[in-house]
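Work out the full structure, taking the sequences as your base and the hints as a guide.
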Amino acid sequence: MAGSVATSQTILVVGGGIAGMTAALEAAECGKEVVLIEKSPTLGGRTTLLYRYFPKMCHPICGLEINLRRLKGNRRVRVLTLAEPVAVSGTRGDYTAQIRLAPRYVNDNCTACGECARAVTAEIPNPFDYNLGRIKAAYLPHAMAYPQRYVLDPSIIGSEDADRAKAACRYGAVDLDMKEETVELKVGAVVWATGWQPYDAARIQPYGYGRLRNVVTSVEFERLADPRGPTGGRILRPSDGREAKNVAFIQCAGSRDENHLRHCSRVCCMASLKQTQYVHEAWGEEARSTVYYIDIRAIDRFEDFYRRVQADPTVSFVKSKVARIEEDRASGDVILHGVDTEGYHRYAARHDLAVLAIGMEPALRAVEVPPDLPFDASGFIEAGAGGMFGAGCAAAPLDVNRAVQSATAAALRAIQVVNKTADVETI
Amino acid sequence: MAETKTAAYICQGCGIGERLSTRQLAQIAQKEGKMALVREHPFLCGAEGVGLIRDDIEREAVTHVLIAACSRRAKTEAFHFPTVALARANLREGVLWSQPEADEAAGLTQEMANDYVRMGCAELKKTKLPLGNPLAATNRRILVVGGGVSGLTAALEAARAGYQVVLVEKERALGGWAAKLHKRVPFREPHADPADTGIEQLIAQVTGHPRIRVHLGATLLETRGAPGRFSVQVSVESGAAVTEEVGSIVQATGFTLYDAGKLPALGYGKTPDVVDQAGLERLARQAAAAGGAIRRPSDGAEVGSVVFVQCAGQRDEGGSHLPYCSGHCCATSIKQAMYFKDANPEVDTVVIYTDLRVPGSGEDFYRSAQRKGVTFTKGRVASVEPASGGCKVSFRDLILDEDVALEADLVVLATGQVPNSGVNIELADDDPAKAAQVPILNLAYRQGKDMPQLKHGFTDSHFICFPYETRRTGIYAAGPVRRPMDMAQAVEDATGAALKAIQAVENAAAGRAAHPRSGDLSYPIVRIEGCTQCKRCTVECPFGAIDEDESRFPVFNESRCRRCGTCMGACPVRVIGFENYSVDTVGAQIKAVDMPDEFSEKPRVLLLACENDAYPALDMAALQRRVYSAFVRVIPVRCLGSVNTIWITDALNSGYDGVMLMGCKHGEDYQCHFVKGSELANYRMGKIDDTLKQLGLETERVATYEVAITDVARVARLIDDYVAKILEIGLSPMKGFA
Amino acid sequence: MAKKEYAFYPGCSSQLKASAANYLTSTRSLCRVLDIKLTEIPDWNCCGASIGYAEGGELPRLALNARNFALAESHLPGQDIVATCAACWLSARETKERLDASAELMRETNEALAAAGLHYKGEVAVRHMVEVLIEDFGYEALAQPVVKPLAGIKFAGYVGCQTNRPFGIAGESFENPMYLDKMVETVGGEAVTGYDQKVTCCGGALAFSEAEKSQKQIRDIVESAYDHGADMIVTPCPLCQANVEIYQSEINKKQGTKFHMPVLYYSQLMTVAYGGSAREAGLDGQLIRAEKLEEIAAKG
Amino acid sequence: MSGERYRNSFLREVEHNVEEGHWVKMCMQCGVCSGSCPFGPHWAHPPQELFMMIRAGKREEVLGSDAMWMCTSCYNCVVRCPRKLPITHIMHGLANYAHRLGLAPKNQPTRQFAKMFWDNLSKTGRVNELKLSLGLYFKDGFKQGIRNALAMKDIGLGMLKAKRLNPLELVKPHACKGAKDIHAILAKAKEIEDRRKGLSA
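Chains as they are written, first to last, in the numbering used here: chain Z, 133 to 559; chain Y, 2 to 739; chain L, 49 to 348; chain X, 70 to 270.
It should be emphasised that the hints constitute simulated quantities derived from the structure, not laboratory data.
Note that CB positions come from ideal geometry on N, CA and C, so glycine has one too.
A couple of the hints might just be wrong.
As the list claims (entries may be wrong) - Restricting the straight-line Cα-Cα distance to at most 27 Å, the calculated cross-link-like pairs of lysine-lysine (DSS-like) are:
hint, chain 1, residue 1, chain 2, residue 2
1, X, K259, L, K169
2, Y, K342, X, K127
3, X, K246, L, K169
4, X, K222, X, K212
Unchecked claim - Far from chain Z, by Cβ distances over 12 Å, these chain Y residues were calculated:
hint, residue
5, D104
6, T272
7, S321
8, Q438
In structure tokens, the structure reads:
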């Protein structure tokens, strides 16, 4: 399949999040052949799982819709989902990529009519809700999923559920005999837009994530605020489903910490500032948000947004790295212990819910790559002399806007390679 | 061109066949729709169904295809027939999935489907296959304005991709700010020490590049034309003017340091021992040249203690200085403190900050400075005054919660970046501020000489997902002129801008639209003979694409056009349109709807929905099987800005009981992908009330809504509420006369 | 030939008739069962504890511990040093790590040791008894000899500070280490869950100098054990044991509480479970007697 | 005075003379240590504030403070510090340095106890718990000592009964045979440390 088509004129983009889609589309709209591979069943990546963006409070899927339309209208990008690179070999201008394709058990006859989901009884934690909610084991990842095709979760293969799904489909779209396969792609350049993953919050022991019921991460909080999310957009706390009106936002949860992530993840401050506005919108004047921070990093015109939030009477700021969180066993409330370092004020503050502004770490794992793809100590991709380039959060912790800039730049570097005109890099 | 042959294909899949009489739909397509060929198929998007259509196109010479199946947003790969004109009737999401399954509902559901087939046929007959802009302009050269790090990078990266570049720099030398620096903040691990700027190598690579031509001491006298055919008058060092023909432009005109002279409270101007960051770089370069320590300006004594005041004249809440944060200054002060510490650890270096902002690996740079003994103090500086043998810095120590003063030989003010973005074209011509501004691009555009600015004078994009979308097609901002930034970001930004410039010339050459309708081959076609020179199109085009000729007729620069149709919506005499999207394609659909009489109690509501947000929201509502009224008829529009009021009046005249318009949020945080489209629509609809009154109609009969793509539940609710209101105020009195 | 041999560092409190004598007794008993040979480091000296800092300073404290290392190296070559006292283990291990990390400190320390004709080669490993039990034996092996499961007794596993921070046992979490609970379950007892004072500081040496502040800590520790339905508290640290047990009567006196919560060492639990007598388990060393445990020990 | 403020002089002094003092400059003032300390509520200045005071050159206030004497050596701060500062040891180091300079508060109970403890252990090489506790009771004079002892007599008797306190400790204490060696080692160690810190013994 794809392997035979691609040539050294082709650009391989790994990762179908906003950075990967951008790199692929920008290159294709310059007339280049692109193969875009994504390990999940749909494009869109993590930004799709955000409710809104700072500083405009606009909706990520609005941009996704535009990008999907660009994609549908452009035949130069070939998309492979459920596809992961296992190894890349070769050199600038001449790479060979081994791509593992996981079975979807649904072919492109699928019309997304949803009969299979109706037939299936088994449910799985919804990976597109950070496992907060549950969905049928035959599912469309989300309303904006591309390709707009259902997926059968491997867990039901061989079960009656799988047979029921097959029986329910009138278009012969359910194919239970699909097997994992590995394809080989010849490409000239590779853009690694493999994105980020939230740092494992359970490892930040004093905050008791996993131990205390009402401690969640900032990415989970996005899902709680999102009408498409598990609570239908109502900000309810996990322990008892009570309305979370008094919310603590704990900055640098994993970031700027040599016990965890050395680097500053850059987006967390803005993300928390944004999330205080979710709380305000949900509960009006009853809302209480407290941001516990070391430094608020609202860079360039994000400062305007910071000032707006500072002026919000429902939001307060405490310059303090919270020492530990304790749970009030009766109420399930969280009690934050620490010291406000601006003048030394000790606090034991009670909140309905604590949100950990969780750090970003690179998601790229266990792929054999040639040495011309250098990584820094944190696992971010650095500039190298080869024909492979990091884009977006694979290269540095970035907000969406900067990730897109980075991906656009990476697309040009890849074009230089396949155009075979690039001069010798001097780094 | 071959004569028109229309064909309609009605899908029976996804339950359409069960819940609707596709037979009836087929008859309508044939008898009313006058389709030459009509076929029903159980599974149209399947290989066999698609094959059937292909065969008809090849064997039966079908030129126009109507797909009556699912939403135009679904199955686009299957229904991809590039050689024919295409229309889609949305029976699945638009009817089946948004209407109740109950038998008693079947009647209304069928009526709805029938109308969508009628509308599809009507649209199809008015549609032509877009063939691309015949005036495609093919100049692929790229102009870079500005010879600092951003400009040099953009030029080099574009050249490395194989493109010819001409670079214009107003100074007599390349390098910009970077050339004035002693060292720069490190880009790579270990992020521990200041690094060489590398500017000499960069300049050498640019000047030595065979595909790059450089003009020094040069400015732009005039820039006219469009992507693929810009003609730029450059005044060069000799004073002569040369003309450069280019296809696209990168504006990397950088920044000017905020005038520290406006900060007397911080001692600037009161003593030479208070400098800004540029001043410190100068001192550091002098010291390096002299091979000694940094000396203070007043008496040339070696600096034994230095204080860095962050956010000087920045993040200002009083409104008298810069309101924003320039992002790089914390790292820059850290770097400058290292100048001292690396030379002599005994020098006292204190950085007074309120929030230390060193994102990413900048944290390592911060740690490195602490390791070197730089002291960081969270505080607010009240004043800097000359003192015996140095400066006295009075500040509030926010940690120790006390007012203190400390003495230092030298004080460095971290002032901010002010963009060099030329003229603010939004200012009135008689505004003195505007008079003081010197244009940079000198665009010969009807809407002004420079690019529109977003905020605080920066030429940034408004879009999170599309940072390069300026409002002047083919002209891209890069570096600190777009947003305050450091050198590492400027390099990345300039590389991205270079790609967009390349993309712009490729699109122009192919006659394709640029973002957000990338690849769209349709373009505005004007019946100029009908034009009344009212100038609305030239004034309202969000992208300044339309100029005026000597006789004040509009000049459409197709490759500057984004195909939003705002001009079409604006045109009172309706002489502007696209092959596949025009006053007629939509008007015909409106008229095609079967209008029940006034006694039927079946109102008809026209919903014009923005295809970028409202229409997908409707699709997703259907995907969730959210039911809404069967009395609504939805027509997607490219942008609410393209809605011509004639559609509204036609609809009301032909008996519709109400018209809903759903577009994107406008105002400061607008989400309209065509910037001004929804705002203009809102403005126009504000004025439609008079028309309604003339017609003797209630103003409620036209309603405009801001709808976001996430308003999935809301769209259905809005429709039902509106229909309820219509039933409440009663059906339209116009019905009889239709 | 014993299954395992270690250079034993009991520490000042775990000597006969010292405040943790019962710790020593029970440790000896359980080692007999597990066939562990503990040989005291000949003429070992005090570790200096944390509190030694004020007068002691840095190098003298390092030297104190280095002396024990040197003695162990020469008399018990190849054997890991095993401490039962948390403070001894911590001081010794910190000393080892700091000397390993700094050649200069190593040199200076040996310069000091030379004054007594001693030399530390830097070969010893320093471990806590609990590490030995978990890492060298493992919970399963520890469960083998159990003949009298401690059924029906609820224990609050009070880990405290110094066996937990900064080094931790077997890579466990600082905020919620589970090893003590696992050991309780290993010997058939019930570990109360969610005991939120598990790693609270008892005041340590400041129990003497800052009695009231410490007793507030101790009150929380005991109170929470009651709240969670514990019958007894179990701990790996002599100072924790002493503070938490001894001051209950004080707190009762001052604050009218009715605390009477036995505080035991894991080693005492194991000894009883392994069939040892109350005396072998050092239960006679409790100020607050552990009746339930004594009953089980008394059973034939 | 302001001339000396925020100069590195005191910071350098601390780096040179205080155990692990070279870490003080690495603090980023997050305050996690201050919030983690069990005796936190009793500190006049929590660790992070002490570090800022050192950098601000507040020598007398820092060394004269009884703050660092509140350290229970629980190591919570150490394991939580995002900059991995060995805060416990810095506190010990500061206390020790203040004590050596005679700037530490005279009647600071922990200071007295810590000194007593060291003297006690360094005499024989092992701690004599009985003498230590008696010493503690009598630190404020004989009368008060009797009062303290009586207050604690139940505990004392309890410990005796439990064979965890040995009256013979008074006459025949636990002791190292090599007590002399230990004295020699400690003397030498102190001498080296003083030499390094340029302090006179």
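Here is what the structure says about each hint:
1. K259(X) to K169(L): Holds - the C-alpha atoms of K169(L) and K259(X) are around 21 Å apart, at most 27 Å.
2. K342(Y) to K127(X): holds, 22 Å
3. K246(X) to K169(L): holds, 23 Å
4. K222(X) to K212(X): holds, 15 Å
5. D104: Its Cβ never comes within 12 Å of chain Z, the nearest being 20 Å, so this holds.
6. T272: Consistent with the label, T272(Y) stays out of reach of chain Z, its closest Cβ about 30 Å off (over 12 Å).
7. S321: holds, 15 Å
8. Q438: Answer for Q438(Y): holds, closest chain Z Cβ roughly 20 Å.
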